Structure formats: structure tokens, C-alpha cells
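Visitor: With the hints as a guide, bring the two chains together.
Note that the protein sequences, when read in sequence, are chains A and B.
When the letters of the first sequence are read in order and numbered with our numbering, they come out as residues 1012 to 1335.
When the letters of the second sequence are read in order and numbered with our numbering, they come out as residues 571 to 984.
Think of the hints as simulated: they come from the structure by calculation, not from any bench.
Remember, predicted model here, so these are calculated numbers, not experimental data.
Ideal Cβ positions, reconstructed from N, Cα and C, are used throughout, including at glycine.
Hints are all accurate, no fakes.
A few chain B residues that don't get close to chain A, going by computed Cβ distances all over 12 Å:
hint, residue
1, D638
2, N752
3, D775
4, A834
Cβ-Cβ distance ranges computed for the label pairs, FRET-style:
hint, chain 1, residue 1, chain 2, residue 2, range
5, B, S612, A, L1178, 42 to 50 Å
6, B, Q906, A, R1191, 51 to 59 Å
7, A, N1202, B, V598, 35 to 43 Å
8, A, L1154, B, R721, 46 to 54 Å
9, A, S1212, B, V594, 33 to 41 Å
10, B, V637, A, R1268, 58 to 66 Å
Here's the letter readout for the chains.
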Amino acid sequence: VPFTDIAVAIQISFTYFTIIYLTGLGGLFSERSGIVNIGLEGLMIVGTVTGAFGARFFTDTLELGLPWGPLFGLLFGALCGAVFASVHAVATISFRVDHIVSGVVINLVAIGLARFLSYAFFNGQSTQSDPGGPHLARLDIPLLSSLPGGLDRAFEGLSPIVVLAALMVFPVWYSLNRLRWGLRLRSCGENPEATRSLGVSVPLYRYQGVLLSGAFAGASGAFLAAEVIGNWREGQTLGLGFIALAALILSNWNPIRLMFFAWLFGFAVAIPLRLNDAPVISLLPEQFIRMIPYIVTIVAIAGFVGRVRPPAAAGKAYEGGGGT
Amino acid sequence: LATEGMAAPVAVSRSRPAWLEGLVGQLVALLASFMIALLAGSLLILAYGESPAGVYSSIFEASLGSVDGIGYVLAIATPLIFSALAVAICFKGGLFNIGVEGQYIFAMVVAAWAEVSLGFLPAPLLLSATLIAAMVGGMVWAAVPGILKVRTGAHEVVTTIMMNGIAVSFLAWALNGPLRFNDAPEGAFVDLRSNLFPEQGLVGDIGEIFGVTPGAHLSWLLFLAISAAVVVWFLIRRTRLGYEARAVGSSPGSARAGGVSIGATQLRLFLISGALAGLVGMQQILADRGYLPQNFVVALGFTGIAVAFLGQNNPIGIVFAAILWGVLSRGEVALQIQSEIPREFIIILQGILILSVVITYQIAKRRLAARQLQLAGEAGELVDSAGPSESGGPRGPEETGAEAFAPVDERGAT
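One chain only, chain B, in its complex shape (with noise of 0.2 Å):
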């Protein structure tokens, strides 16, 4: 393990240090994305027979170039933030947490049910109970593929996918049973959702106090999540956990050897994310909505997946990459006024931008550790050539989905 953090120190003394060299390269890469995802769109915008610049800034305009549209961007960023950091804690430990969704739909139906039953309460503890419940809920939902995971090996990708698909059908039995609506009058048409939650049970907005308008919905989930973002950061960087989850990420082999209990490990960080995942639906049905409607935002588990690959990984990272998305998102609002080009071209060039992203990151960790391997070979040492995997970045094939649908322990039983 004490190998991890002093890789070839011969080598590195040559050039600039590891975490440095690692940290321009995922800048690089990151600019590099930028530009190809810009550059593409401007091809898009220039078919249409429009002015790229022209396009960018009403863009920018709509989103932050006014107090309403920054207030709207923080808002779409809230839950966006839950989300990848809800991916990013299982990456740090080699885990591929694509039930982000599944939980958090899961986890808005035990939330409404806490509204729905226990309105009698207060403020406070309303709101508290709700929020628990939707972290246990998360948890709940994120304990099944973790459990089979250690217990069995049954890769944590297959059964997530599977869960989120039988989160789909929970919610729907839910608002067709128990939670469905009595509280709309005989015959008005109203579409499928839960009972209004009480009014002591919504979060506040503080869009008002910094002259929001409350149409963006901004609401302190916001500071819940950036909270929620140090706090994983500590988590990684600071705490035995996160220390034995880095080890696991990189090297299963050595972390075993030094003691750290895998299967441990990897449960742990499959309940800390289905917590945070918890998270994802209180935005929506606490602060846009007030009650569990059947048409809810889907989705936002598989963007915080894009969205931790566009912050790295890297919690605070994360916050800005959400935000990111949020201006992009808001972007749409310009498109639909000012322009012939369709609303959806900034799902395109959301979709462009993440493309590259992934594949610049990938291009980059590999001339990183092909660098790092060719001055360790000068300088006479052999060295672990899981080498930048130390500063954050995303991870390769070799680390994550590699061996998807491979259950390790069992080859050539049919």
C-alpha cells in the first residue's frame, strides 16, 4: 500500500511532481473537450444559418447573465450534484453505480409516503423524516446490489440496471395504490400523482433573498448539497474509509494484502451512495412540486453519471460541473426564444460535450502512464503502473466496468 503515494520518487524528481502533472493533463483534457463540444456545435448552429457567437452568448445570457437565470441553473444543479456524487463514491472504490436512478426513484415514493402519513408533524421534524426517509430509502435500494455483490459477485451493473427497471414499476403500483391521490375534487381532471404534501413540509425557498424569482424554485437543498459535497470529499481524503476505498479502486490485489476487508469496503460505499442518491428526487417533489406526480423528471441518476465524469470525480469538481450543466440546460429557454434552432440541440451538445470528455480523459490518463512508465524505466524502477489513478481522475476500463457481466469466480459452469 505505501507503494500507492510514492511511486518511483527517482522518477519524478526529474520532471514535475506526479499530482501536478496529473492535474494539467486532466485540464488539458478538460479544455480540449470544450473546445471540440463548442467547435461542434458551431457546425450544428452554422447549419441552420445561424451566428455560433450569437447563439453562445444568448445562451450565456439566459443563464447567467441575470439573477433569475443563475437562480434557475442552481436549481437544476441541486439535485444533479446528489446524483454524481452519488457516482463518484462508488467509482473511488471500483464500483459502477448505475442504480443512481432506480434509487432515487425508489426513494422519492418512501419520501412521499413520510409526507403523505406523517403530516401531523412540525415543521422540522416533518422535513427531517422525509429526508431521512429518502436516504434510507436510497439505501434500501443500493443494499440489494451491494449485498449480492460481496455475497455472491454478481456484477453491480447488471443488477442496478435491474432494480432501477423494478423501481420504475414500484412507483407506478404506488400511485396507483396507496399513495394515489383522494384529495382532488370528483371529477376534475387532474394527472396521476400522490396527495399535496402539507405546507410544513415543503423546503423553504431562498430565492427571495437574493431576489430570485420563486419560478426557479431555488430552494436550501442547494447548501444541502454542497455540503453534501464536502463532506464526501472528506470522506475520501481524510477518513480511514475512504483511504481503504482508494486502495480498493486501484489495486484489489495490494488492498487485501494490506488488510482491508474488500467485500467490507465496497458494501459501505454502495450505502453512503444509495444515501446521497436518496437525495436526488427531494428537489423535485419537495421544491418544484410539493407532491409525487407520475410524470417526473427521469433521468437525472444516469446525468449525474456524465456529470461526475465532466467534475472528475472530484467533489468540488462535481458542484461546478453541475452547475455546468445547469447553464446549458437553461440554455434552452434563449434557443426557444430567440432562434430557428430547436430547444433539443443542447441535449446535443450536452451529449457532444460528454462524449469528448470521456474520450479526451482517456486519451490522457493513458499518454499519462505511458509518461510516468517511460521516465520510471530511465531512471532504472519498476514501477506500479496504475500510476495517476492516485489524482482523481476517472477511471479506465481496467478499474470499472471491465469485467461487467464477468462474474470472476466462475468461469466455464453454464
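Bound conformation, chain A alone (with noise of 0.2 Å):
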């Protein structure tokens, strides 16, 4: 296998990774505090929709231009991602509904509402929207872009999207672990009843919980679209939300550690569409190494290899107070 082919698969796993870190990090957030959310697939569905739309209509429409319109496009897609999300959050913490029964109509709502969406914002085109739309300046990264013997791919022509998702994990650690609000955060995840005699009010931090996951995964899905692949589609999230599910279950709710796992599994996707020719993986079908982070998740949460440990009052019904 030629040398670059490898830093080239590299490069591409650090597109995913960027997808399957924020998504996570959205995931993260939520269970944290308390509230399961599997419709982190849909978030990101409303999230492409919408960040597609945003980056067209901030850079031309409002002819904000570079770099602008794109970023705008992106919080767009956040804020209607964190929108989409408030949905969960009624239905979860203020009328208690099942975590679980609630993520699956997330999920089942985001497809037909990304449609409905995209009829209205791209001239009635249902399922796509034109390809070819406006994003970010690509950046090589400096020191790492002028490594020898085609390692530099690996560093060039990444979206600054990349980076910023990568330098995530510093604010989200620090808020999470030295903040009050980020300990409170998690105290409501961990023992709702002792937060709340501490005179925290669980249902507000789980709300806001539940709102950032929708804003992380909006803006992952806004990347996927508008700056990775330059348009909306259907489908086009293939399911990635779950994979970010697989490596939050497999971090143990730890965003250091996530880091590690989204790189993973964003590593496995690249693997097909660049080392298809590679020792090893040439015997294996493509298909089968697209199934390597649900059956690494699968054996993991069997306890084969170590346990994982989730926040211990995730998906409990809280009684106290936020009621219907």
C-alpha cells in the first residue's frame, strides 16, 4: 500500500471524527445529566437539512461571504438541531415519557421533517438539495502539513471544522469537571434526589442537558452537509449518529476518552473508501468493516472486555418537581 494512501485514509478519518466527536459530545451532555437520548441520528438529520440551507442562504442570500455565511450556516444548524431537541426534553423531563420511546420518534419525525424542510427551503426538492454549495477555506495544518514521506496528506486541506471540534474536548472536560455548573450537571445524572436537596433544580440543568446535545449534533450534521460534502441529501447521515452512541457508550461518558473512540470508528469508515487494497483488509468485504464499531460495541456492553459504566440515574423517571 503506497504510503500516501494511508496518510489520505487518515485525513478522511479526521473528517469523521469530527462528526462522530460532536455528536458524541451532544450525546455526552444529554446522558450526563440524566436523560438517555438515542435521537441523536435525527438531531443530526435536521442538523444537515438545515445547516445545507444556512450555509447557502448566510453566504448568498445575506451575501455574508467567506468565512462568514458557512459559520452562521453551522450555528444555524445548531440552533434548529437544539430547537428539534426541545421536543425530547418536554417530552422526557416535563411529561416523563419512556427516554427511550421518545429518542425512537425523534428519529422517526427527523426523516419526514428533514424532507418537509427541505421542500421549503430548496424550491421543492424533496430529498437533495443542488451539490456544490459555499464552505469554509480548507487549512493545512502548520509544522504537521511539512511532514516527510507523504505523511503531510494526512494535514492538508482540512476544514478548520476539524480543529475546532478536536479543541472541544479542553472547554467540555473543564466545564464538566471544574465548573459548579458542570458538576451540578452531572450530579443530576448521578442522584437526581441529593441534587435537588442541595436545592439545584434538576429539570433545569437536564433541559439544558438535552439542548446541547441537540445543538452539538445539529452542528455535526450542518458540518457533514454543508462542509463536507457541499449539499443535502437523504440518508446521508448513514447512521453515524448511532456509531456516536457506540463510542460515547464505549468512552464511559468521557469526552477524553470519546476523542479516542470517535477517531476509531471515524477510522474505520475511512478504511473502505481509501485501503481497499491494503494486506489484510483486501480480504475482507467492505461491508464487514463497516460492522466493526457495533460488534466492538456489542462486546464491550456484554462485558467481555471490561465494563462500561453509565451516569446512574440515566433514563429514570425524576419525580421531583418540572411535572405535568
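Guide: Right under this line is the structure:
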């Protein structure tokens, strides 16, 4: 295998890392606050259609140009993700609907909602938008992109959002582990009764957790549609929301470990795209490689290789306050 | 266990019987959610500058207003009945099978393999073999999360989600590899699919008997689905397994104390659920298409969860819920022809309906539980707060996905 192919596969893996990591961080905030969110895929879908529209709208219609147009497009996707996530928040927190049921509904509704929005956004095209939308200028990472031996290819032509996503680990880790806000959010997910007895409003923090999950997943979808592909297309999330969920579980709901698993699964997605001729890999059908993240997660959740421990109160209905 | 059926007789005798109260509560919740969905839909329609009454009546006209329309509706409902039943039977035992999606996808591959490789068999044998293969396929795919749940405590929600992902790739592999078609003329542009199934391997069209257009693809799988609903009802209400399932679902602790093996019960439920899920894809490949396509209709498993909720996990209710879902889906055609509203409006309407159903049930259930607790309190009786779950309503957070992601036995280990 040419060395450059490996480097390019790594470059592609950074892109998928970004999608999986941003969505995974979304799930992290929600589940750390105690609300299980299997609707990540649906939130991402809403992010893709609104993000693709936002990038065009802010760049061309409002003539903001680069880089502000695509950036606002990304924020628009995040905003719409958060708005859509509020459905999950209201259902699970205020009405105490089963978290899984609500998450399934989110995923189901998202498909229809995306078509509905697409029809309105893109002149009656309900399953895709015109290709070639605006995106941020590509970035060569300083120093790393001048590595010798073809390795430089891995760090060339990346979207700035990739770097931004990787840097997110610092504020996320800091806010969850050092800020009062984050400690309270986490204690809502571990022991809501005790948290409440300290005078903290559990529903308030859980709302924030779920809305953040929508914002992150929405931004991730917007990145996928606008930055990576250049247009919206039905089904383009390819189950990456579920892969993000898998990475989140394996990471033990930890933002630093999540980075590793998001990159690992991103690399698994990139292998069939670039490394088909490599030894060993060429013997495996590409579809089998696509199964890897799911299989690894099943093995881990079944406890064959160590245990994962989720937030203790995640998924449990909480009776105190915010009632019906 | 005996306390289940006779919760606070004193309290109950002071008002309506508990089952009647439960039923009334469910119906009120159902009606309320219909009203909410219709109202929200009306607002959307008004936003498009059209008349809600006109749009709703054209949806009705397109679906139930003609024999053909009814045929289309029933054909849409057929797979949904199977998939909602698969979800519901697991619900009864406190399990959440969101893997129906993967189970029917895997089963379609197995069934297609049977069709393609057993084409020499005569009609009844080939069809039976295919249907059995599909059911076995569904069971195999459901057995993995079932066994893992029982043996290791791995939560079925997580494992079934992952199994769904694997099934999608498995189908893609099969269509690119062993099942890839070779019956199309060289150079012809054909979407990726399997070989066409032999003529005698397809399910018969029953539309012409009732004067329904062949385009509806109404097949006798509909009767199989309705029979399955009756069988599931019987299973839940009249057999030992059904009794144990309900016991496990409403109160695992007392079920265990009563001598019920929770693991064995849950595994059996998962296998039955998988068999039902296996039949979900049959309408599609044996009646609609006649081959296994790459661009198959997805999300039938997830839609089944919505239909199960709409039908309150009651097998007979599920048949009607699936038909209602079919009515709405068929309404897309009316919108396309007769109005400016995009057809996607229907999916939004279905989404609003299912959301309001889920929320109103939850409210109704809580009110009912509170009421029974209050009545019991007045009668000076301590009552098991599980209360209305006996009436078969949708389960609340305490009983289903409650501890999703939280294997109970392992606390603190990293």
C-alpha cells in the first residue's frame, strides 16, 4: 500500500472523527444530565438539512461571504438541532415519557421533518439540494503538514471545523469537571434526589443538557452536509449518529476517551474508502469493516472486555419538580 | 402474584371497576391525542392557505373512499401489523425491542436466499420454506440481544441498536456478493438487487377477488398478519408464557418470588418477537417487488414502535392502528394531486400524532395511578402502585427503557 494512501485515509478519518465526536459530545451532555438520548441520529438529520440551507442562505442570499456565511450556517444547524431536541426535552423531562420511546420518535419524525424542510428550503426538492454549496476555506495544519514521506497529506486540506472539534475537548472537560455548572449537571445524572436537596433545579439542568445535545448533533449534521459533502441529501448521515452513541458508550461517558473512540470509528469508516487494497483488508468485504464499531460496542456492553458504567440515574424518570 | 388481579377490592367497589376505568382512561387519552394532532395539522394547513376540512376529507377520500384506496391502505398496514406485534410482545415482558428494524432486514436476506436457491420447489413448499426461513432469520437476529441480556445483563436497547447497524451492512454485503443478480441482460442499467424470485415463490395477489387494482399489491399476508394478531392476543392472555411475561413486565421482583424464571421468559419473548419481525419484510419482497432490492423501504421496524403505541400494545388495537397509519400514508397521494401542500405534511402529521399519543398516555397513566392510590388510601388499603399496568396500557419509564444503558448488576466498576 502506498504510504500516501494511509495518510489520506487518516485525513478522511479526521473528517469522520469530527462528525462522530461532535455528535458524541451532544450525547455526553444529555446523558450526563440523566436523559438518555438515542435520538442523536434524528438530531443530526435536522442539522444536515438546516445546515446546508443555512450555509447557502447566509453566504449567498445575505451576502455575508466567507468565512461568515458558512459559520453562521453551522450555527443555524446547531440552533435548529437544539430546537428539535427541545421536543425530546419536553417529552422526557416535563412529561416523563420514556426516554427510549421519545428518542425513537425523534428519529422517526426527523426523516419526515427533513423532507418537509427541504421542500420549503430548496424549491420543492424534498430529498436533496443542489450540490456545490459554500464551505470554509480548507486548512493545512502548520508544522504537521510539512512532515516528510507523504505523511503531510494527512494534515492538508482539512476543514477548520475539524480543528475546532478537536479543541472542544478542553472547554467540555473543563466545564464538566471544574465548573459548578458541570458538576451540578453531572450530579443530576448520578443522584437527582440528592442534587435537588441541595437546592438545584434538576429539570433546569436536564433541559440544558438535552438542548446542548441538540446543538452539538445539529452542528455535526451541518458540518457533514455543508462542509464535507456540499449539499443535503436524504440518508447522508448513514447511521453515524448511532456510531456516535456507540463511541459514547465505549468512552464511559468521558470526553477525552470519546476523542479516541470517535477517531477509531472514524478511521473504520475511512478504511473502505481508501485502503481497500491493503493486505488483510483486501480479504474482507468493505461491509464487514463497516460492522466493526457496532460489534466492538456489543462486545464491550456485554462485558467481555471490561465494563462500561453509565450515569447512574440516566434513563430514570425523575419525580421531583417540572411536573405535568 | 395473586395481588395483581385483585388490587384493593374495597377501593374499587366504591367506583367503576379498575379495568373499566383503565379502558376509559385509554380511550380519553387516545381521543385527546387525535384532537391535538388534527388541530396542529389544521394550523399547518391554514399556514399554506388551504382549508383543513377540504384537505382532511381528500385524505379520507383517497384512502377509504374507494375499493382501490382501501386495498392500498391494507397493503401498507400489513408489514406494520407484524412489526408492531413484535414490539408489543416484548413490551409485555418489560423489554424494548428496537431491533425489529435489523431483524426484518436480516430476515429479508435469509428469505431471499431461500427463494433464489430453492426455486425448484413447487409453490406451497417454496413459500412455506421462505416464510419459515424469514422467521428463523428474525429469531437468530433477536437471539443475540436476547441471550446477551439474559446472560450478561447487556441492555437490549443498546445491543439491538448495534444489531440494526450490522444488519444494514450485512444486506449490502449479500447484494454485492452471494445474492447479486445475474439475470439481467449485459449492459442493461439495473439497480442493485437479487435475482428475480421464481413465479411460484411469490405470494398471490388477492386484490382481484375484492375488485382492488393489482397496483395495490394486496396479498394474503394481510390475513397472516391478522391471524398473528389473534395468536399474540391468545399468547398474552391465555397461556402460561403470557401470564409469566406480564408478571415479569409489571413486577420482576414478585415474578421471581413467584417462581418465574425471568431470563427464560424474556429470552422466549425475544425469540417470538424476532419471528414476527422476520415477517415484516415479506410484503415488500414477496408481494411488492418479487426480489430483494437495495433501495428497500426502511424504518418499518421503527414505525412499528409508533404503531404499537398507537394500538396501546393491544394486538387487536394494533391492527386498527396499522390501518390508521395506512390511511394517513395513503393520504400523501391526495395531497400530491389536489393541493399545494407538500406530501411530507403527512409524515409531520404522523409525527405529531405519535408524540401526542405518547404524552397523553403518560399523563393519563399517572392520573389513573394517583387516583387509585388515593382511593386505596381512603379505603385504608396499601396498594401496589403498579396499578393500571394490568389493563395493558403503554408502559411508563419505570418499566421499559428505564434503566437503559445501566446494567444493574455492575455499579462502580469502570
